[in-house]
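Engineer: Each chain, written out:
Number of protein chains: 2
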Amino acid sequence: MEKEITAKAKAAKEAARKLAYIPTDVKNNALLAMAGALRKQCEYILEQNTKDVEAGREKGLSRSLIDRLLLTRERVEDMARGLEMLSSLADPVGEMDAMWTRPNGLQVGRTRVPMGVVGIIYEARPNVTVDAAGLCLKSGNAVVLRGGSEAVNSNCAVARVIAGAAQTAGIPEGAVQLIENTDRAAVNVMLKLNQYLDVLIPRGGAGLIQTVVQNATVPVIETGVGNCHVYVDSEANLDMAQNITINAKCQRPGVCNAIESLLVHKDVAVDFLPGTLQRLKESGVEVRGCEKTREIVSWVNPATENDYAAEFLDFIIAVKVVDDIDEAMDHIYKYGTGHSECIVTDSYSKGRRFQREVDAAAVYINASTRFTDGGMFGFGAEIGISTQKLHARGPMGLKELTTIKYVVFGEGQIRE
Amino acid sequence: MEKEITAKAKAAKEAARKLAYIPTDVKNNALLAMAGALRKQCEYILEQNTKDVEAGREKGLSRSLIDRLLLTRERVEDMARGLEMLSSLADPVGEMDAMWTRPNGLQVGRTRVPMGVVGIIYEARPNVTVDAAGLCLKSGNAVVLRGGSEAVNSNCAVARVIAGAAQTAGIPEGAVQLIENTDRAAVNVMLKLNQYLDVLIPRGGAGLIQTVVQNATVPVIETGVGNCHVYVDSEANLDMAQNITINAKCQRPGVCNAIESLLVHKDVAVDFLPGTLQRLKESGVEVRGCEKTREIVSWVNPATENDYAAEFLDFIIAVKVVDDIDEAMDHIYKYGTGHSECIVTDSYSKGRRFQREVDAAAVYINASTRFTDGGMFGFGAEIGISTQKLHARGPMGLKELTTIKYVVFGEGQIRE
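Chains as they are written, first to last, in this note's numbering: chain R, 133 to 548; chain P, 133 to 548.
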């Protein structure tokens, strides 16, 4: 097994050497060809997907997991459209961020180049296979994909279709690799392949991500854990605050940029909490609150320390009444995961303080945390949301899949 | 021991929270105060340094190691001047790289913020204590320093002096930490302190760096391994090529941006090699060459595979005659470490090809690889030279010690 994985990673590395400077046109045409192949081979993909779905049902996977696994004609069409959209985005490779001349006449330029080989380790959704391959290809990277066991037939089918189409369209052979072995041990091999992999991006639950972070020697971009907050300040527009709270909690609670806790300034708690918590309840949210919250709204369940620390990813919210913005920021400092944080206020000075002092990938004034997303930020596409500080932070688009290279132009300069 | 290290890292993390948004003025004044304190406490520092030097002599350290360890009045003055120079550089923190407005009116800005806490693990030179602390402070980071056992008294003295001065000048207490325990086990504790350390930068020999890369769970920026090449093309100005070769090899062979191998196009080998290799020999360089090289210059020793792969960091060079630029680039692909590579040519198309196709932090046309350096590139200062692709590549200045934060301004926007 180790031999197979190493061979695939090596092949990807070799492909990456040429892929690094292939013209944008070739990459765009390949993306379009891949989209066309997905449509053309849709029956085959659905057939293979059925095997996974049936196996999943036999194994007793939950309905939501089965739904994440399931491909339909429509979902295959969405994948194809995603690739077409990627082909229309600007290519970050070859951008010259800066160029300057040194006193000795040496001209130094900083240009964007691909990472090389990107390893993606992910869980159930087969669409990640297509998304990740497309993003890596467009940014000039070879990719080694390793999906979860539940989707192995779907992933193999999809990978075969797009890799074949890419190669026919002029992409170097080996640029898209799928590790078909779904044992945990296969992941462990990838984690140590520093010789061939330039970066690893885990996409999935906290367990997967921690396994990768704790054991990889290949550099990792950590993604996705979000214990996010909305703080409703004493000078908030309370209608706005309510709408933002409901949206940030309920619009899609299972994702990392949804909020898990609500912090409310004591001066507006009596006005704000009853209506807002009622609306949350009506949306199916279980509300857990501090003592003060429960004095104001009696039906609220008590919140524990663990509730403030939890990433529920579910219809549950923890509520706390705070004395002032300092207590709110201290709470966020203590429990936040540095993902997305929001203050609702009309105070210029408090808005500024919150944005300056809260340390997170995205800090909002008067808007839902749900906007922390490559699409919503206008990046066109996203490979994940980084919650580390090294290399990338927040939504990662094509640019975050590149690195830099200094190009230096001389006329014989030597160092004195 | 673990308790002590964790406590220091925790104190650094707490200091980092405030240090992140402290005004540039305060940081600059602190740097000047630190420089003043170094001068004032010079006697004390030299006294402590004498202990290290004496212990080193007793342990039988080599003369060059003793020299790296030794502090003099002049070297302390250099440290002080380094801090003063840092105070004059632009502060990257707070720079807004970009700001744009989304169709829904949401305004998204990308601003530079400090990493938080930077861990530096380094070897003999006590000046790294001052350099690293100054760079981290200027970029708004707290720092946890862990120097080598040989310099422990010097490092403690220097750290005490600068940390005290910084605090008096308004820097939060705890921002500069030195781990005084010099056991290997102390490094191992640091490598896993993800809770408090945001990034680790090892500075030293290949052994130290590999230990850190292989065992850290904290994100690492790998620095410093350089197997660099000069390729002399058939269309090179041979005088220029000779000067660049001599400079890149001899000016300071012990550093990572010096070359280890020389590649020469077969058409110019007879003209180029005799004079150049003679000059190398006269500079004290041992020359090891391929068969063709030895046919041209008989006194050259034979080169092995290992010689082409080696980072000598010494007065040794490996020479190979190649058929063309493709063979040169294949050789660099096989043996290079992605640090600095140079082509000497007057061919526009070959210069372009080399710069596009060679994957390294810095790719030169007609200039010495010795310019890969923060100072030489104009960054004012440098914390190291990254040889990885994640986050930073090539010389790292103040900007590379920062990350980004998205600040988002809304008027109640919610996600549909």
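Simulated from the structure, these hints should not be mistaken for lab results.
Keep in mind that a hint or two might mislead.
Any copy, or any two copies together, can satisfy a pair, since identical chains are not distinguished.
Pairs of lysine to aspartate or glutamate, EDC-like flavour, derived with a Cα cap of 20 Å [unchecked claim]:
(1) 145 with 459
(2) 531 with 229
(3) 183 with 146
(4) 150 with 305
(5) 466 with 223
(6) 191 with 437
(7) 183 with 255
(8) 135 with 209
(9) 145 with 134
(10) 191 with 255
(11) 150 with 458
(12) 466 with 399
(13) 142 with 489
(14) 531 with 186
Quantities reported herein were computed from a predicted structural model and do not represent experimental measurements.
Engineer: How would you classify residue 145 and residue 134 at a CA-CA limit of 20 Å: within, between, both, or neither?
Structural biologist: The answer is within: 16 Å in one copy meets 20 Å, while 40 Å across copies does not.
Engineer: Which holds for residue 150 with residue 458 at a C-alpha limit of 20 Å: within a copy, between copies, both or neither?
Structural biologist: between (53 Å within a copy, 13 Å between copies)
Engineer: From the Cα coordinates, with 20 Å as the cut-off, is the pair residue 531 and residue 229 best called within, between, both, or neither?
Structural biologist: both (11 Å within a copy, 14 Å between copies)
Engineer: If the cutoff is 20 Å on CA atoms, where do residue 183 and residue 255 land: within, between, both or neither? Let me know, please.
Structural biologist: within (17 Å within a copy, 57 Å between copies)
Engineer: Have a look at residue 183 and residue 146 and pick one of within, between, both or neither, based on CA distance no larger than 20 Å.
Structural biologist: neither (33 Å within a copy, 53 Å between copies)
Engineer: For residue 142 vs residue 489, is the C-alpha pair at or below 20 Å within one copy, between two copies, both, or neither?
Structural biologist: between (45 Å within a copy, 18 Å between copies)
Engineer: Which holds for residue 191 with residue 437 at a C-alpha limit of 20 Å: within a copy, between copies, both or neither?
Structural biologist: Classified as neither: same-chain Cα gap 36 Å, cross-chain 54 Å, threshold 20 Å.
Engineer: For the identical chains here, do residue 531 and residue 186 meet the 20 Å Cα criterion within one copy, between copies, both, or neither?
Structural biologist: neither (39 Å within a copy, 52 Å between copies)
Engineer: For the identical chains here, do residue 191 and residue 255 meet the 20 Å Cα criterion within one copy, between copies, both, or neither?
Structural biologist: Within. Shortest intra-copy distance 16 Å satisfies the 20 Å Cα cut-off; inter-copy 55 Å does not.
Engineer: Is the C-alpha distance from residue 466 to residue 399 at most 20 Å within one copy, between copies, in both cases, or in neither?
Structural biologist: neither (23 Å within a copy, 67 Å between copies)
Engineer: Up to 20 Å between alpha-carbons, please classify residue 145 paired with residue 459: within, between, both or neither.
Structural biologist: between (50 Å within a copy, 18 Å between copies)
Engineer: One pair to classify: residue 466 and residue 223, alpha carbons no more than 20 Å apart. Within, between, both, or neither?
Structural biologist: For residue 466 and residue 223, neither the intra-copy (40 Å) nor the inter-copy (28 Å) Cα distance is at most 20 Å.
Hint violations for this structure: numbers 3, 5, 6, 8, 12, 14, all remaining hints satisfied.
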